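**Q** Sequence:
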Amino acid sequence: MTKVKNWPVVAITNSRPRKKCSIFTPGCGMMGVMIAEKRPSKPIRIRNWHLAVCIFALAFAVRLVYVSELRTAPFFDHPIGDSRIYCERAMEIAGGDVLGSDAYFHSSPFYPYFLAGIFKIFGFNLFVVRLIQILIGSLNCVLIFQLTRKLTGKR
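Under our numbering, think of the first position of the sequence shown as 21, with each following residue one higher.
By construction, these hints were calculated from the structure, which means they are not laboratory data.
On a predicted model such as this, the values are computed, not experimentally measured, just so you know.
Beta carbons: idealized from backbone N, C-alpha and C, even for Gly.
Please note that the accuracy of each hint is not assured.
List of simulated lysine to any residue pairs, SDA-like, C-alpha gap at most 25 Å [unchecked claim]:
1) Lys174 <-> Val73
2) Lys170 <-> Phe95
3) Lys170 <-> His70
4) Lys170 <-> Ile75
5) Lys140 <-> Glu112
6) Lys174 <-> Ile75
7) Lys140 <-> Gly101
8) Lys170 <-> Leu159
9) Lys140 <-> Gly120
10) Lys140 <-> Phe95
11) Lys170 <-> Arg150
12) Lys140 <-> Gly157
13) Lys174 <-> Cys161
14) Lys140 <-> Lys170
15) Lys174 <-> Val162
16) Lys140 <-> Glu108
17) Lys174 <-> Ser158
18) Lys170 <-> Phe80
19) Lys174 <-> Met111
20) Lys170 <-> Ala79
Derived Cβ-Cβ restraints for the label pairs, each shown as a range [unchecked claim]:
21) Asn145 <-> Val85: 15 to 23 Å
22) His98 <-> Leu119: 26 to 34 Å
23) Leu71 <-> Ile100: 24 to 32 Å
24) Tyr133 <-> Leu155: 14 to 22 Å
Modelling step: build the complete structure from the supplied sequences, incorporating the hints.
**A** The following block contains the structure:
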C-alpha cells in the first residue's frame, strides 16, 4: 500500500484481487485499481480529560475566590431568609427529627437532608457546606462540557 496525497491506494499485483473490480464498480479507478476512501488526518488536539481538568480547576478557582470574598459579609456565618430555614430544618434532621413535626413545603425537600448529612459529619460549619457546593458546581461544569461535546459530535 502506498500513499499518494493522503489517498491510500491498493496496487495491482499478480495475485488475484479479493473483490472484483472494474471501471463500472464504485470505488474503483481506471484499470481496476481499487481506491480506498480518504482517511482524514488526525487534528492536533488537547485530550478531553486535560480540558475537563482545566475546566474544573477554573470553575473551582472562580467559586473559591467568590466564597473567600463573601467571608467578610455578616450573613456568612449567620444565615438569613431561606438559608436560615434550611439550616434550622437540617439541624432538626441531624438531631433525629427526620420526618419533622409539621409538613415542610418550603422549596427543595431534599436539600435539608443534604445539609443534615454534612452537619452530622463535620458539625455546624457553613464553610464546609459551601466548599462541598463548590465541588459539586465545578463538577457540574465538567459534566456540561462532556455533554456538549457528545451532543455536538466533537471528540
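**Q** Going straight from one Cα to the other, do Lys140 and Glu112 come out at no more than 25 Å?
**A** At roughly 11 Å apart (the allowed maximum being 25 Å), Glu112 and Lys140 satisfy the hint.
**Q** Need the status of pair Lys174, Cys161: alpha-carbon distance at most 25 Å?
**A** Holds: Lys174 and Cys161 sit about 17 Å apart, inside 25 Å.
**Q** Sort out whether Gly157 lies within 25 Å of Lys140, counting only the CA atoms.
**A** Holds, because 22 Å separates the two Cα atoms, which is no more than 25 Å.
**Q** Decide if the proposed pair is consistent with the structure: Lys170 and Arg150, CA atoms, cutoff 25 Å inclusive.
**A** violated, 30 Å
**Q** Can you tell me whether the CB distance of Leu71 to Ile100 sits inside 24 to 32 Å?
**A** For Leu71 and Ile100 the Cβ distance comes to about 39 Å; the hint is violated.
**Q** With the threshold set at 25 Å, check whether the alpha-carbon distance from Lys170 to His70 stays at or below it.
**A** Holds, at roughly 16 Å.
**Q** Between Lys140 and Lys170, does the CA-CA distance stay at or below 25 Å?
**A** Violated. Lys140 to Lys170 sits at ~38 Å, over the 25 Å cutoff.
**Q** Are the Cα positions of Lys170 and Ala79 separated by 25 Å at most?
**A** Holds, because 20 Å separates the two Cα atoms, which is no more than 25 Å.
**Q** For a C-alpha distance cap of 25 Å, please report whether Lys140 and Gly101 respect it.
**A** holds, 22 Å
**Q** Would the hint linking Lys174 and Ser158 be met if the CA-CA limit is 25 Å?
**A** holds, 22 Å
**Q** Checking one constraint from the list: CA of Lys174 to CA of Ile75, max 25 Å. Satisfied?
**A** Holds - the C-alpha atoms of Ile75 and Lys174 are around 17 Å apart, at most 25 Å.
**Q** Hey, Lys140 versus Phe95, does the alpha-carbon distance stay inside 25 Å?
**A** Holds. Lys140 to Phe95 sits at ~22 Å (cutoff 25 Å).
Hint compliance for this structure: hints 2, 11, 14, 19 and 23 are not met, and every other hint is.
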